Amino acid sequence: MTSPTAITPAVLDLPALVRLVEGPGHGAVVAFLGLVRDHNVGRRVTHLVYEAYDALALKALDRIVHEAADKWPSVRMAVHHRTGRLEIGEASVAIVTASAHRADAFSASRYAIERIKQIVPIWKHEFFEGGDAWIEGATADPDNVEARDHAMRIACA
Amino acid sequence: MRVTVRLFARLRDLAGAGELSREVPPESTVDAVWALLVRDYPAFEAYRQSLSCAVNAEYARFHTTIADGDEVAFLPPVSGG
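Residue numbers (our numbering), protein chains in the order written: chain A, 1 to 157; chain B, 158 to 238.
None of these hints come from the bench; they were simulated from the model.
The reader is advised that the hints may include incorrect statements.
Unchecked claim - The following label-pair restraints were derived from C-beta to C-beta distances:
# : chain 1 : residue 1 : chain 2 : residue 2 : range
1 : B       : Gly173    : A       : Gly23     : 45 to 55 Å
2 : A       : Gly89     : B       : Asp225    : 45 to 55 Å
3 : B       : Pro199    : A       : Ser3      : 36 to 46 Å
4 : B       : Pro199    : A       : Gly137    : 18 to 28 Å
5 : B       : Ala192    : A       : Ala69     : 33 to 43 Å
Said to hold, decoys possible - Which chain A residues stay away from chain B? Per the calculated CB distances, all over 12 Å, these:
#  : residue
6  : Thr2
7  : Pro15
8  : Asp38
9  : Tyr53
10 : Glu67
11 : Arg102
12 : Gly137
Source: prediction; values computed, not measured.
Note that beta-carbon positions come from the ideal geometry of N, C-alpha and C, so glycine has one too.
Construct the complete structure from the given sequences, taking the supplied hints into account.
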């Protein structure tokens with residue numbers, strides 16, 4: 001049984017997420033995949049290892065789904081994030097949204113990925129030609145209203 | 158009282174362990190646990206301003222009071238997606 005949110009070492013199953021959120025009243029499904037890229041800030045990336053604080057990361061994903069539901073009540077959303085070693089081209093995150101009309105599904109999808117980068121305790125360990133580095137982005141604070149508003153502005157642009 | 162400390166990403170590398178145990182006085186805060194870690198791992202000092210923390214897998218603040226048996230986690234800036 002597919003859950004709407006997951007932190008998992010398993011390969012992400014996009015069709016299963018689409019089946020989970022689609023319904024007869026939904027005229028639009030937006031599927032977003034984040035993939036491991038072969039370059040970053042001038043470095044030739046060989047692979048990534050994702051580390052998560054699983055228990056809190058899952059709660060943070062659930063929080064994002066609830067935030068999106070507050071803003072777009074008709075949108076159904078599923079978000080799965082992968083952990084462990086990922087090769088170039090593999091999907092690290094899958095976000096699938098469904099709504100009656102396309103605008104809300106696109107907005108909710110964009111909101112979710114922006115919020116993931118802000119508040120979900122997951123870290124990329126980047127391995128590249130000549131070394132490795134922990135990637136550090138946002139200081140996670142779910143109660144930071146400015147960050148949330150920023151994500152919302154991007155989603156609604 | 159005794160708490161479990163969880164460390165992630167760069168902090169885990171610096172400490173050489175993802176899970177530690179520490180003894181702290183009753184009614185201690187997250188900050189008191191952090192102070193113990195900085196004493197053991199001086200390289201941690203530079204991270205304080207950019208860290209988040211969690212108690213029992215819920216986001217918390219450094220002034221949050223902790224209890225015996227709690228799990229206290231220190232989280233470098235996140236980079237999922």
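Any hints from earlier that this structure breaks? Give me their numbers in increasing order, please. 9 and 12
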